Amino acid sequence: MGKAREVTSFCVEKEVLYIEPNHHGFFALGVFTTAWENKIDSYHIQHSKKITRTYYSFNPEKFLKSYSELEIIVQKPFEYLPLNAVIAQEYRDKFHPYYQLVWSSTEQFCNHGFGHFIKKNDQLISVCTSPYVGGGYAEIDIITIEEFKRQGLASRLAVLFIKDCIAKNLIPNWSCHADNMASNELAQKLGFEKGEEHPIYWYHV
Numbered sequence: 048m049g050k051a052r053e054v055t056s057f058c059v060e061k062e063v064l065y066i067e068p069n070h071h072g073f074f075a076l077g078v079f080t081t082a083w084e085n086k087i088d089s090y091h092i093q094h095s096k097k098i099t100r101t102y103y104s105f106n107p108e109k110f111l112k113s114y115s116e117l118e119i120i121v122q123k124p125f126e127y128l129p130l131n132a133v134i135a136q137e138y139r140d141k142f143h144p145y146y147q148l149v150w151s152s153t154e155q156f157c158n159h160g161f162g163h164f165i166k167k168n169d170q171l172i173s174v175c176t177s178p179y180v181g182g183g184y185a186e187i188d189i190i191t192i193e194e195f196k197r198q199g200l201a202s203r204l205a206v207l208f209i210k211d212c213i214a215k216n217l218i219p220n221w222s223c224h225a226d227n228m229a230s231n232e233l234a235q236k237l238g239f240e241k242g243e244e245h246p247i248y249w250y251h252v
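My numbering puts the first residue of the sequence shown at 48, with every later residue one more than the last.
Quick caveat, the hints were computed from the structure, so don't treat them as lab data.
All values reported here derive from a predicted model rather than from experimental measurement.
Yeah, the Cβ is synthetic: ideal placement off N, Cα and C, and Gly gets one too.
Straight-line Cα separation of at most 30 angstroms, DSBU-like style, residue types lysine-lysine; simulated pairs:
1. K196 with K141
2. K210 with K167
3. K96 with K241
4. K210 with K123
Label-pair distances were calculated between CB atoms; the ranges are:
5. E154 with N106: 28 to 36 angstroms
6. N131 with S151: 17 to 25 angstroms
7. S115 with G77: 26 to 34 angstroms
8. S104 with P144: 28 to 36 angstroms
All chains should be modelled from the sequences, with the hints used to inform the complete structure.
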């Protein structure tokens with residue numbers, strides 16, 4: 048935490064967050080104490096939005112009780128694809144360019160990340176991937192195209208993602224906007240237990 052506080056203090060005190068080239072399209076800064084929240088609020092950073100996030104902890108016993116023996120089946124007209132170089136490149140270039148920032152190359156993403164994908168008519172419609180892996184944790188990132196939501200696609204992919212984590216002795220990490228009811232409900236369905244809520248400061252060009 049000491050180093051994190053130093054970095055946060057540097058960013059605020061030196062106005063790093065104000066300098067447009069440092070945004071690279073966006074920044075997201077999470078804080079976990081009231082003192083830091085008050086400190087950042089005092090700067091009135093332009094073009095930023097303060098959002099409340101809910102943080103979850105994973106309960107493997109709950110997950111395994113429901114999903115350890117469950118076979119995940121994706122039926123036509125949908126097609127399931129695991130992470131590979133071709134789909135990773137497509138995902139980074141066309142579907143979610145954010146992954147060009149968090150993974151420096153397609154090779155790095157394939158070697159160190161997780162990814163599960165569903166296509167329909169050769170178009171990506173639902174994905175569960177890892178923007179960050181480190182420190183014994185793997186962050187869960189789920190996106191489903193609006194017209195294909197509420198069909199169980201996200202939950203299928205999330206189960207596969209979590210099983211990947213368990214197989215590699217990593218802890219799946221889940222957080223979401225506090226008002227995202229679908230994400231909050233899915234987290235608890237998959238064995239995550241609700242923890243604290245904290246703000247995140249989001250800037251997007």
